Amino acid sequence: MKVQVLFFGATAEETGEREIEVSLAENIQANEAFAEIVGKYPRLKSHKLLFAINQEYASGDEIVKDGDELAIFTAVSGG
Amino acid sequence: MDFCEITTETLDVGAIARRVVPANCGAIVTLDGFVRQITKGRETLYLEYEGYEPMALKEMEKLVAQVKTEFEIENVGIVHRLGKLEIGETSVVISVAAPHRRHAFAACEWLIKELKRTVPIWKKEVYADGEVWVEGENAKN
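Order-wise, the sequence lines are chains A and B. According to the numbering used here, the first sequence is numbered sequentially starting from 6. According to the numbering used here, the second sequence is numbered sequentially starting from 137.
Hints listed in this document are in silico derivations from the structure and should not be mistaken for laboratory results. If you're wondering where the values come from, they're calculated on a predicted model, not measured in any experiment. The beta carbon of each residue, even a glycine, is placed where N, CA and C say it ideally should be. Warning: the hint list may mix true and false statements.
Beyond 10 Å from chain B on every Cβ pair, some chain A residues (computed) [unchecked claim]:
#, residue
1, K7
2, L11
3, L29
4, A30
5, E31
6, I33
7, I42
8, Y46
9, D66
10, K70
11, D71
Capping the alpha-carbon separation at 27 Å, the derived lysine-lysine pairs in DSSO-like fashion look like this [unchecked claim]:
#, chain 1, residue 1, chain 2, residue 2
12, B, K198, A, K70
13, B, K252, A, K50
14, B, K276, A, K45
15, B, K220, A, K53
16, B, K176, A, K53
17, A, K50, B, K260
18, A, K53, B, K252
19, A, K45, B, K260
20, A, K7, B, K194
21, B, K276, A, K53
22, A, K53, B, K194
23, A, K53, B, K249
24, A, K50, B, K276
Required output: the full structure, derived from the provided sequences and hints.
Structure follows, in structure tokens:
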């Protein structure tokens with residue numbers, strides 16, 4: 006199955022990407038899926054990362070579904 | 137009425153504040169958050185804000201729903217600007233209308249603290265000799 010993965014700010018700079026499509030195993034848990042994606046971009050590992058699925062913070066144990074929108078970003082700094 | 141918005145346009149603080157006023161209120165507290173020139177002794181030239189807009193709006197709306205259950209307030213407006221902001225330009229406005237001021241002050245403080253923790257927006261500090269994406273210290277785990 007395929008999912009979209011979005012990067013913002015520091016994670017966009019570290020990966021050189023804003024949006025990618027990734028193939029994942031069916032029924033994969035969110036924490037495994039994010040670990041797999043982060044594994045492709047070693048420069049992300051020096052950051053504290055936050056994860057979202059379909060525009061909600063991921064809890065980690067939910068199952069990722071085909072067509073989901075994943076996002077990987079650093080600790081937020083708005084305001 | 138309540139509202140949450142994201143824009144790249146200049147923010148008119150007074151106009152935003154006026155939009156939250158109902159007849160039964162006696163106070164509005166408005167935070168005007170703007171671009172600081174000196175941070176920890178280092179001079180900023182300008183800031184660039186980026187957001188995950190649909191999620192940022194959802195998170196802002198969650199904050200509005202929650203703040204209204206926890207504080208005696210009537211209306212809330214939150215507007216965050218994105219893009220390049222010069223020193224002194226307003227990046228965020230939070231206005232809270234309440235029958236009595238102390239609830240408005242407390243709610244406004246709670247909202248900016250939570251916004252900085254949960255709403256997916258990031259700022260890049262651009263200095264004369266470099267730039268850095270700021271990573272929030274109190275962000276959600």
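Check: Checked against the structure, which of the hints given earlier come out wrong?
Finding: Structure breaks hint 2 only.
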